[in-house]
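*Asks:* One letter stands for each residue in the lines below.
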Amino acid sequence: MEHRSHIYGVLAEFPTPHELIHAVEKTREAGYRRIEAYTPFPVEGLSEALALKRNKVPLITLIGGLTGGLGGFFFQYWVSVIAYPVNIGGRPLNSWPAFIPVTFELSVLGAALSAVFGMLALNGLPRPHHPLFNVQRFVRHATSDRFFLCIEARDPKFNLSESARFLKGLHAAHVSEVEDD
Amino acid sequence: MSTRPPYNTVNEQPVSPVLEPGHTYASVTDKISAIVLTRPTSLGWVAGFALAFTMVMVLTVSLAWLIIKGVGIWGINIPVGWGFAIVNFVWWIGIGHAGTLISAILFLLNQKWRTSINRFAEAMTLFAVACAGIFPLIHTGRPWMAYYMFPYPSTMYLWPQFRSPLIWDVFAVSTYGTVSLLFWFVGLIPDLATLRDRALKKPMQIIYGMLAMGWRGSARHWHRYQSAYLLLAGLATPLVLSVHTVVSFDFAIAIVPGWHTTIFPPYFVAGAIYSGFAMVLTIAIPLRKAYNLEDFITMHHLENMAKVMLATGLIVAYGYYFEYFMSKYSGNKFDLYLTNMRFHGPYSHFYSALILCNILAPQLLWFRKARTSIPVLFVMSLVVNLGMWLERFVIVVISLTRDFMPSAFGRYSATAWDYATFAGTIGLFVMLLFLFVRVMPAISIAEMRELVAETSEDHE
Chain A
26 MEHRSHIYGV
36 LAEFPTPHEL
46 IHAVEKTREA
56 GYRRIEAYTP
66 FPVEGLSEAL
76 ALKRNKVPLI
86 TLIGGLTGGL
96 GGFFFQYWVS
106 VIAYPVNIGG
116 RPLNSWPAFI
126 PVTFELSVLG
136 AALSAVFGML
146 ALNGLPRPHH
156 PLFNVQRFVR
166 HATSDRFFLC
176 IEARDPKFNL
186 SESARFLKGL
196 HAAHVSEVED
206 D
Chain B
5 MSTRPPYNTV
15 NEQPVSPVLE
25 PGHTYASVTD
35 KISAIVLTRP
45 TSLGWVAGFA
55 LAFTMVMVLT
65 VSLAWLIIKG
75 VGIWGINIPV
85 GWGFAIVNFV
95 WWIGIGHAGT
105 LISAILFLLN
115 QKWRTSINRF
125 AEAMTLFAVA
135 CAGIFPLIHT
145 GRPWMAYYMF
155 PYPSTMYLWP
165 QFRSPLIWDV
175 FAVSTYGTVS
185 LLFWFVGLIP
195 DLATLRDRAL
205 KKPMQIIYGM
215 LAMGWRGSAR
225 HWHRYQSAYL
235 LLAGLATPLV
245 LSVHTVVSFD
255 FAIAIVPGWH
265 TTIFPPYFVA
275 GAIYSGFAMV
285 LTIAIPLRKA
295 YNLEDFITMH
305 HLENMAKVML
315 ATGLIVAYGY
325 YFEYFMSKYS
335 GNKFDLYLTN
345 MRFHGPYSHF
355 YSALILCNIL
365 APQLLWFRKA
375 RTSIPVLFVM
385 SLVVNLGMWL
395 ERFVIVVISL
405 TRDFMPSAFG
415 RYSATAWDYA
425 TFAGTIGLFV
435 MLLFLFVRVM
445 PAISIAEMRE
455 LVAETSEDHE
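The listed protein sequences derive, respectively, from chains A and B. Here the first sequence stands for residues 26 to 206, where the numbers follow the numbering used here. Here the second sequence stands for residues 5 to 464, where the numbers follow the numbering used here.
Hints should not be assumed to be uniformly reliable.
What the hints assert, rightly or not - Derived contacts from chain A toward chain B, CB cut-off under 8 Å, selection only:
{"hint": "1", "residue": "Thr64"}
{"hint": "2", "residue": "Pro65"}
{"hint": "3", "residue": "Ser105"}
{"hint": "4", "residue": "Gly194"}
Claimed, not checked - Non-contacting residues of chain B with respect to chain A, defined by C-beta distances greater than 12 Å in every case (computed):
{"hint": "5", "residue": "Trp172"}
{"hint": "6", "residue": "Val190"}
{"hint": "7", "residue": "Ile378"}
{"hint": "8", "residue": "Glu451"}
Claimed, not checked - Okay, the calculated bits of chain B under chain A, using three or more residues with CB under 8 Å as the criterion:
{"hint": "9", "stretch": "22–30"}
{"hint": "10", "stretch": "202–215"}
{"hint": "11", "stretch": "229–243"}
{"hint": "12", "stretch": "430–440"}
Read the hints as simulated data drawn from the structure, not as lab findings. Where a beta carbon is used, it is the ideal one built from N, C-alpha and C, also for glycine.
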């Protein structure tokens, strides 16, 4: 129990995505819940193996797009009808078809900005430092050619030596402790 | 795992692969990141950069002189108020479109051959938009007043005229620039993390580390990242179509003969993609040679781009034909006169050169031999770039010099400052590309790893 304060978790390294997915499934079967996989590219089937829920990025994007579009349209309406009405040959002040291009552009702008910043915020980025960066092999290989599985110390089932042995039993190429700081 | 249909059926000729065999996750990572991290700066790079930088100095001088003297240093006059500035603006913004098309539309269509060319095509988009943005700004004559075009609560209670295509343009181009930047940057995040982890020097680690924002490839992060990337692709696709549509509205909404046609939006978009693919080829061919990227940017890519060029070129040809047909069919005397002026007027040699560059020459691409010959493709890409520039010149200048009243007819010829400004933006574009290939991975490393995973599955 004394480990919990300065141990972030145990990290196992696998050479291929298939082995990682297999390990993730086994780890979840063993009852671990606070686990996370790290891969150098998005691996198909990994989200399902980790039983990740649908994420909120699409909803945030929709809200951003609607805000941009509606805000853009009614802003143009306000400018052209209320704030600065200019009568050009008796044409209607609320000439809405002419407002569509800007409305469209602002919808796309609002949606794109909220997709990107929403994704970053949900991911908790920017976060310059992370305990995993204390592991040399992780730094060298996680963004290049190896696939990692981490059982975090906050998992109720976590036990440093037990969990490390469990990961070794899954044929991990390497298992290392991750120190928290 | 292999649910996707085999795309080489027996009776088809064997297609060169999108990735040469034998690559592993580590080898693509090493090879692409080495261009940025370990490869020494070559003499060719320094020479090319110096040349481009000289041209940027030409741009700086031209802009300074313009701001001192005003737009009178250009060849514009009454009736030709638009001239080179608008020709170049439309040309540059069109070039940018292929980058978005490659990164967004081909992504949505799940085209594997997009992977190794999307990164620098997106960079090309950004730099082309930067060059394009200069022109309308300086064309206003008083660029320091350009903020008038943005809606902000001014003390004069003035607001922009939202019924004007020129204001639509401001929104379309600035949205396009922003979204292209976001799309490019989101694509770069995993690669920036790779560079951070592989950089040898401390300052590089810190710079790439800050840009990567602590990316560590967590599955939960990838999960959201993929949603965001897919959504951005879905948003960029209608956006890219809308941008050149709005640019074409600058012309089509006006009543000037030769401009006031409904074919303009689709034909401008096709022309944009046409010139954009030509520019991607112009960049890809020297890039793969200089950095030995033939394994990643294969003949398959070049041939596919040639095919897209051929297809969009035919759409453009249809547009030209329809312009001609509609003027004859409508019987409108101003339109008829303008068409006559295109064939026989003072600028008819520009029109003939345009037909030669954009319609006749690219027909060579029907032949597989031409599509797989690198010198032919390179020359063809330059020819199409020139042709698309001529197209905008023909549209802007011929129409403005021959509108309704003979008393308002005029002539236009560009001055040395016009050419210097144009050449200067080409220099800026090239310089930015040179910098880009030295500091950022020119090919998406994360997506190449995915391709390695997919192709190794295919072999199993």
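*Asks:* At 12 Å, judged by beta carbons, does isoleucine 378 of chain B keep clear of chain A as stated?
*Replies:* Label holds. Min Cβ-Cβ 30 Å, cutoff 12 Å.
*Asks:* Taking beta carbons only, do three or more residues of the stretch 22–30 of chain B come closer than 8 Å to chain A?
*Replies:* Since three or more residues must qualify, the claim that chain A covers the stretch 22–30 of chain B holds, with 3 doing so at under 8 Å.
*Asks:* Restraint: threonine 64 of chain A near chain B, CB-CB cut 8 Å. Satisfied or not?
*Replies:* 5 Å, holds
*Asks:* Holds or violated: is the Cβ of valine 190 of chain B farther than 12 Å from all Cβ atoms of chain A?
*Replies:* 6 Å, violated
*Asks:* Under 8 Å between beta-carbons, do enough residues of the stretch 229–243 of chain B, three at least, approach chain A for the coverage claim to hold?
*Replies:* holds (count 10)
*Asks:* Please count how many residues of the stretch 202–215 of chain B have a CB within 8 Å of a CB from chain A and say whether that reaches 3.
*Replies:* Contact hint for the stretch 202–215 of chain B vs chain A: holds, 3 residues under 8 Å.
*Asks:* Cut-off 8 Å, C-beta pairs, minimum 3 residues; does the coverage of the stretch 430–440 of chain B by chain A stand?
*Replies:* violated (count 0)
*Asks:* Is the shortest C-beta separation between serine 105 of chain A and chain B less than 8 Å?
*Replies:* Cβ of serine 105 of chain A sits 6 Å from chain B, so the hint holds.
*Asks:* Quick one: work out the minimum CB distance from tryptophan 172 of chain B to chain A and report holds if it exceeds 12 Å, violated otherwise.
*Replies:* 4 Å, violated
*Asks:* Quick check on the hint: glycine 194 of chain A CB to chain B CB, less than 8 Å?
*Replies:* Check failed: Cβ of glycine 194 of chain A comes no nearer than 21 Å to chain B, outside 8 Å.
*Asks:* Non-interface claim for glutamate 451 of chain B: all C-beta distances to chain A beyond 12 Å?
*Replies:* 7 Å, violated
*Asks:* Interface hint check: proline 65 of chain A, Cβ to nearest Cβ on chain B, cutoff 8 Å. Holds or violated?
*Replies:* Check passed: Cβ of proline 65 of chain A comes within 5 Å of chain B, closer than 8 Å.
Of the numbered hints given earlier, the model fails hints 4, 5, 6, 8, 12; all others are met.
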